[in-house]
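Peer 1: Chains A and B are the protein sequences, given in the same order.
Each step along the first sequence adds one to the number in the numbering used here, with nothing skipped, and position 81 is 81.
Each step along the second sequence adds one to the number in the numbering used here, with nothing skipped, and position 80 is 1080.
Since the hints were made in silico from the structure, they are not lab data.
Note that the Cβ used here is the ideal one computed from N, Cα and C, for glycine as well.
Warning: the hint list may mix true and false statements.
To be verified - DMTMM-like mimics (lysine to aspartate or glutamate), calculated; alpha carbons at most 20 Å apart, straight line:
1) Lys1038/B to Glu130/A
2) Lys1038/B to Glu148/A
3) Lys1038/B to Asp30/A
4) Lys176/A to Asp1071/B
5) Lys1038/B to Glu161/A
6) Lys176/A to Glu1074/B
7) Lys176/A to Asp1020/B
8) Lys176/A to Asp1006/B
9) Lys1038/B to Asp173/A
10) Lys1038/B to Asp52/A
Said to hold, decoys possible - Label pairs and their in silico Cβ distance ranges:
11) Ala1054/B to Arg88/A: 48 to 56 Å
12) Gly3/A to Leu1036/B: 19 to 27 Å
13) Gly154/A to Leu1007/B: 47 to 55 Å
14) Gly143/A to Thr1008/B: 20 to 28 Å
15) Thr1078/B to Arg56/A: 55 to 63 Å
16) Ala1037/B to Gly143/A: 49 to 57 Å
17) Thr26/A to Leu1064/B: 50 to 58 Å
18) Ala1037/B to Gly145/A: 47 to 55 Å
19) Asp1006/B to Arg65/A: 32 to 40 Å
20) Ala1077/B to Asp62/A: 51 to 59 Å
21) Trp1048/B to Arg63/A: 19 to 27 Å
Said to hold, decoys possible - Covered stretches of chain A (in silico footprint by chain B; criterion: 3 or more residues with CB under 8 Å from a CB of chain B, positions within the stretch not fixed):
22) 20-30
23) 70-76
24) 155-169
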Amino acid sequence: MDGLADEALMARIADGDRTAFAALVTRHLDRAVRTAQRLLGDRGEAEDVAQDAFFRLWQHADRWRPEGGRFTTWFYRVVVNASIDRLRRPRSLPIDDVPEPEDEQPNAFRTLHQTEVARSVKAAVGELPERQRTALTLCHYEGLGNIEAAEVMGITVGALESLLIRAKRQLRDSLKPLMSDLAEDGHEA
Amino acid sequence: MKPEIDLTPAEERQLARVLDTWQTYPTSPGLAQAILAKARPKAPAFTWSWPRMATLAAAACLGLVVGWWMDGMESYATSLEPGFDALYFEGDPIEGDIL
């Protein structure tokens, strides 16, 4: 089952094959949770989104048509749209109140510094308008090409590039001190 | 159309490094199991087959026959008036009751 393409698994899932569904969940769960986490800033909510996305996939697999594009593109779209829907709901916890994951570096000061940097990055990304944040998440964090990311978002490649540039410009301005720190630390030639 | 001001390649690299410091949490270990548990086996879709069609046709015929028979009985009972009540109610009706 692991050797089968996503599209073949989807065809089996449409027939109610739970083994195929399990294979697809194993293959794409981390990606779905990670993407939703970048957009929502919260693991609990991200896992809810991923769970809903997979449940919908299970229920409506027969409606999916391979002619409509790659499975991953379609699935990213489902996760992104579900995350944006959730972002628009009233939220109980502000995005930057969520603690960062613990880093197991031996140097306590360095760990603290990195945690602070990560917290600032998370807050700065959280400040971006949702479309810019989505573009950045798909292209920078998920490594999608511009064409696929534009397809996921349902926009033109030009519009995506514009969103990315605006996002990066805003991040450069808000994260300037951190960028300088990294350069001073000798990370940047 | 691209905006006029863009990041320099050095700024792009620095920004990428800074952005990469934000690590996401790993997925909860039990999440996949929870999703699989939620995905219950689907009820088989209704499909037409000869035995199923024959059963449905037999049920429909039986319904028609019963309906026709009840209709006939009612007509027959009406034709027996004024002894109509006797067919339906056993015993003597109490005088004054509205039946």
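Peer 1: Does the structure keep Lys1038/B and Glu161/A at a Cα separation of 20 Å or less?
Peer 2: 39 Å, violated
Peer 1: Regarding Ala1037/B and Gly145/A, is the given constraint of 47 to 55 Å on their beta-carbon distance met?
Peer 2: 36 Å, violated
Peer 1: Does the Cβ-Cβ separation between Asp1006/B and Arg65/A fall within 32 to 40 Å?
Peer 2: 39 Å, holds
Peer 1: Does the alpha-carbon distance linking Lys1038/B and Asp52/A stay inside the 20 Å limit?
Peer 2: 10 Å, holds
Peer 1: When I compare C-beta atoms, does the stretch 70-76 of chain A have three or more residues closer than 8 Å to chain B?
Peer 2: violated (count 0)
Peer 1: CB of Trp1048/B to CB of Arg63/A, is that within 19 to 27 Å?
Peer 2: 22 Å, holds
Peer 1: For a C-alpha distance cap of 20 Å, please report whether Lys176/A and Asp1071/B respect it.
Peer 2: Not satisfied, since the Cα-Cα distance of roughly 90 Å exceeds 20 Å.
Peer 1: Does the structure keep Lys176/A and Asp1020/B at a Cα separation of 20 Å or less?
Peer 2: Answer holds: Lys176/A to Asp1020/B is near 15 Å, not above 20 Å.
Peer 1: If I claimed the Cβ atoms of Gly154/A and Leu1007/B lie 47 to 55 Å apart, would that claim hold in this structure?
Peer 2: 26 Å, violated
Peer 1: Given the proposed pairing of Lys176/A with Asp1006/B, does the C-alpha separation stay at or below 20 Å?
Peer 2: 15 Å, holds
Peer 1: Would you check chain B against the stretch 20-30 of chain A, counting CB to CB pairs closer than 8 Å, and say if three or more residues qualify?
Peer 2: holds (count 6)
Peer 1: Indicate whether the distance between the beta carbons of Thr26/A and Leu1064/B respects the range 50 to 58 Å.
Peer 2: Since the Cβ atoms of Thr26/A and Leu1064/B sit about 55 Å apart, the hinted range of 50 to 58 Å holds.
When each numbered hint is compared with the structure, violations occur for hints 1, 2, 4, 5, 6, 9, 13, 16, 18 and 23.
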